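Line by line, the protein sequences give chains A and B.
Residues 158 to 605 (this note's numbering) are what the first sequence spells out, left to right.
Residues 27 to 254 (this note's numbering) are what the second sequence spells out, left to right.
To be clear, the hints were calculated from the coordinates, so they are not data collected in a lab.
Treat the hints with caution; some may be incorrect.
Not close to chain A: a few residues of chain B, all C-beta gaps over 10 Å, as computed [to be verified]:
no.: 1; residue: Glu-88
no.: 2; residue: Pro-107
no.: 3; residue: Ala-144
no.: 4; residue: Gly-145
no.: 5; residue: Asn-152
no.: 6; residue: Gly-162
no.: 7; residue: Arg-204
no.: 8; residue: Glu-233
no.: 9; residue: Val-249
no.: 10; residue: Ala-251
Estimated spans, in silico, between C-beta atoms of each pair [claimed, not checked]:
no.: 11; chain 1: B; residue 1: Gly-228; chain 2: A; residue 2: Phe-601; range: 25 to 35 Å
no.: 12; chain 1: B; residue 1: Gly-156; chain 2: A; residue 2: Arg-409; range: 57 to 67 Å
no.: 13; chain 1: B; residue 1: Gly-162; chain 2: A; residue 2: Ser-346; range: 30 to 40 Å
no.: 14; chain 1: A; residue 1: Gly-519; chain 2: B; residue 2: Gly-71; range: 26 to 36 Å
no.: 15; chain 1: B; residue 1: Glu-164; chain 2: A; residue 2: Gly-519; range: 42 to 52 Å
no.: 16; chain 1: A; residue 1: Ala-292; chain 2: B; residue 2: Gly-162; range: 18 to 28 Å
no.: 17; chain 1: A; residue 1: Asp-380; chain 2: B; residue 2: Gly-162; range: 44 to 54 Å
no.: 18; chain 1: B; residue 1: His-223; chain 2: A; residue 2: Thr-516; range: 37 to 47 Å
no.: 19; chain 1: B; residue 1: Gly-228; chain 2: A; residue 2: Arg-296; range: 40 to 50 Å
no.: 20; chain 1: A; residue 1: Arg-515; chain 2: B; residue 2: His-223; range: 43 to 53 Å
no.: 21; chain 1: A; residue 1: Asp-162; chain 2: B; residue 2: Gly-162; range: 39 to 49 Å
no.: 22; chain 1: B; residue 1: Asp-231; chain 2: A; residue 2: Pro-198; range: 48 to 58 Å
no.: 23; chain 1: A; residue 1: Asp-580; chain 2: B; residue 2: Gly-162; range: 23 to 33 Å
no.: 24; chain 1: B; residue 1: Ile-128; chain 2: A; residue 2: Pro-198; range: 19 to 29 Å
Predicted, not measured: the structure shown is a model, and the values here were computed from it.
Every residue, glycine too, gets a C-beta built ideally from N, C-alpha and C.
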Amino acid sequence: MPLPDSSALVVAQRAAREIAPGAVVALDCGLPELVARFAPPSLGAMFLRADGTLNGAPLNAADAAAILRGGYVDLAIIHPAQVTADGSFVSRLYARDASIAPPGIGVDLASNARRVIALHPQINDDDAEICFADARLERPKDGIQCIDTVIADSAVIEIRDGQFVLSEIAPGNTVDDVLGKVSFPELVSAAPNPAEMDLSPPAESPRSKVFPDGPSALHDLPDGSTVFIDGFGGPGGMAHYLLISLRDRGSRSLTIVSNTAGIARVVSFGTPPGHTAIDHSVLIENGQVAKAIASFPVSPSVSRPSEFELAYRRGEVDLELVPQGTLAERLRAGGAGIHAFYTPTGAGTLIAEGKETRTIDGRDYVMEYGLRADFAIIRAHKADTNGNLVYRGTSRNFNAVMAPAARVTIAEVNEIVEPGQLDPEEIVTPGVFVQRIVKRPDGFTGYE
Amino acid sequence: MKFSKLYDTHAAAVADIPDGATILVGGATRASEPSGLLAALLRQGASDLTVVCDLSDWDGSESILKLAHENRITRLISPNPFVGEHGGVIPELWHLADIEVIPIPQGTLAERLRAAGAGIGGIFVNVGLGTRFDDGKETRFINGVECVLESPLHADFALLRADAADGVGNLVYRGAQRGWNSVMAAAARIAIVEADHIGEPGSIDPELVITPGIFVNRIVTAVGAPTY
């Protein structure tokens, strides 16, 4: 351990107090990993580690990257070598062997976490001092203007408006004691009355992700929202109960993003006689949809047009057509912090009209943008209360790619279990991507 | 002859890896590495290799180190290009072996591999600007966010490890195996998998499949493979 054990534990214990209930916390290697020890399970925090596990469950490296870059990390905890007063940092490994210093996840974290805490910056393991640096620092940095707070064994130092401000002091230390341990004390000012460092455990509990019913899960979905609606074509993999709840809620001027704009009703896909399949049509005929972004928005049968087609012909709705694979990639990009990308799909066709094109290694590409939404209503088979999802059959297809790309993802599931009751190998969507869970009422079917 | 992805030996599965190949090596831990395939690659003799792998916590990386000792690795692309607590003796080895070590942020590696696997020509991300990884790549403001253009990372071969494979290459992982292996499978022209269990098509519950068989070209058993 780089700091003496007792100091490291103090730093970790204090850092744990910064974890909000239910927060997604990314821990860089080494000292930051100690912080998880001081977060009681009741806090409901989810820890993403540099080894690509989330609360110990393995992630695909691309999902881990999406968590790091898609805006999901509430708090990143790092252990740098040096910190400057503008919140930039030099990696410890760089400070020691510049030629091969690995970035690990540090660069990802610094670029995209909502808040970054640096634990006791030290160049070498035996440095007792808190390694700050002034503007003359010439070592290249792994993160620029990203650190909000520095937690050392003797103090908490905030970074405010390009300045170090001493805000808390550990018991038994004075302001002068702390300044005596800082490598550039002249850069540090003390808050008027620095508080005593509080090491008590964080006590709050997170708000549950489990909502009692559809209306409560959709209570804050306003007019004008963009909503991802999962499902491929048929009734499978569609959040029917949430669709009906959204219809009953009546939010208007929605932009819906989906593979189809509702064809299950006209194609029927084995709908029992006397019933109609529930699909996007319930929103369209209720006048709630202003626009669809879809890859297959028409009925396959000319004689039986879908609700969306009829509304489009009446001039009531707008349409943006997206090739199916491009839709999936735009959603994936939206969830992974990819703002735009080049795809060969559609180059030279109507799809490319008005878009930037580019030739890369002799092949023509079209630039497409990441797609994000305010809400996603998705369908899974099982969830645990942390939001980890298991799918069944075709419900894996668009659900899994939509879940990360919405600000609020609401999953309709058949069964909700406690954390630890899902086989980690079976989890497809990590709980980080799911904000709300609703159990589909017993006996509810995809038909009206 | 009936087409089959199953190979009898590790040696046969890696026989055609040529000098100069770019090779993705899955895993980051002992249980998640393709140790048999790596051992076979050592014996096979290909050199001037570009190796892409994460060595952050890899007890079993001896094959990589031996390849380096034999001067067969020209370039190493890695988010964590050495093993052990703060490197130990390994950094010296990299210097001695005169390997071009290219450190790459972990998320950037994952996304560049994923882009390659999905046929994406480039991605705009706001990672690393102004840092030591800001190396003059094209940048652009997209919807008000300054982004850098990263290119896909294609490879000739991927050496992978899975828990179970069926005959068509559908893969199930165990623990840390899922991490890099699942992303690398799609990014290589030829993905070779060493699996602990190999069954008939249909022997794996479809809900458990993480890597679809279409990304997998060759399968060989991990049983009897060297463990370090």
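How the hints compare with the structure:
1. For Glu-88 (chain B), the requirement that its beta carbon stay farther than 10 Å from each beta carbon of chain A is met, with the minimum near 19 Å.
2. Non-interface call for Pro-107 (chain B) relative to chain A: violated, since the shortest CB-CB distance, roughly 5 Å, does not exceed 10 Å.
3. Residue-level check failed: Ala-144 (chain B) sits 6 Å from the nearest beta carbon of chain A, not beyond 10 Å.
4. In this structure Gly-145 (chain B) is not separated from chain A by more than 10 Å, as the shortest Cβ-Cβ distance comes to only about 6 Å.
5. Interface exclusion of Asn-152 (chain B) from chain A breaks down, the closest Cβ pair being 6 Å apart, not more than 10 Å.
6. Every beta carbon of chain A lies more than 10 Å from that of Gly-162 (chain B), the smallest distance being close to 13 Å; the non-interface claim holds.
7. At the 10 Å boundary, the C-beta of Arg-204 (chain B) falls inside the reach of chain A, the nearest C-beta of that chain being 4 Å off.
8. Consistency note on Glu-233 (chain B): stated as away from chain A, yet its beta-carbon is not over 10 Å from all of that chain's, at 6 Å minimum.
9. Separation of Val-249 (chain B) from chain A is adequate, the least Cβ-Cβ distance of about 20 Å exceeding the 10 Å criterion.
10. At roughly 21 Å, the least C-beta separation between Ala-251 (chain B) and chain A is larger than 10 Å, which holds for a residue marked as non-interface.
11. A hinted range of 25 to 35 Å holds for the C-beta pair Gly-228 (chain B) and Phe-601 (chain A), which are about 32 Å apart.
12. One distance hint, 57 to 67 Å for the beta-carbon pair Gly-156 (chain B) and Arg-409 (chain A), is violated here, with the actual separation near 43 Å.
13. For Gly-162 (chain B) and Ser-346 (chain A), the hinted distance range of 30 to 40 Å is satisfied, since their beta carbons lie about 37 Å from each other.
14. The beta-carbon spacing between Gly-519 (chain A) and Gly-71 (chain B), approximately 33 Å, falls within the hinted interval of 26 to 36 Å.
15. The hinted range of 42 to 52 Å is not satisfied by Glu-164 (chain B) and Gly-519 (chain A), whose Cβ atoms lie roughly 18 Å apart.
16. Taking the beta carbon of each, Ala-292 (chain A) and Gly-162 (chain B) are about 23 Å apart, inside 18 to 28 Å as hinted.
17. Checked against the given bound of 44 to 54 Å, the beta carbons of Asp-380 (chain A) and Gly-162 (chain B), roughly 46 Å apart, stay inside it.
18. The hinted range of 37 to 47 Å is satisfied by His-223 (chain B) and Thr-516 (chain A), whose Cβ atoms lie roughly 45 Å apart.
19. The hinted range of 40 to 50 Å is not satisfied by Gly-228 (chain B) and Arg-296 (chain A), whose Cβ atoms lie roughly 56 Å apart.
20. Taking 43 to 53 Å as the suggested C-beta distance range, the pair Arg-515 (chain A) and His-223 (chain B) conforms, at roughly 44 Å.
21. At roughly 43 Å, the beta-carbon separation of Asp-162 (chain A) and Gly-162 (chain B) lies within the given 39 to 49 Å, and the hint holds.
22. A C-beta distance of roughly 30 Å is found between Asp-231 (chain B) and Pro-198 (chain A), which places it outside the suggested range of 48 to 58 Å.
23. At about 46 Å, the beta-carbon gap between Asp-580 (chain A) and Gly-162 (chain B) misses the expected band of 23 to 33 Å.
24. Distance hint check for Ile-128 (chain B) and Pro-198 (chain A): the Cβ-Cβ separation is about 40 Å, which falls outside the suggested range of 19 to 29 Å.
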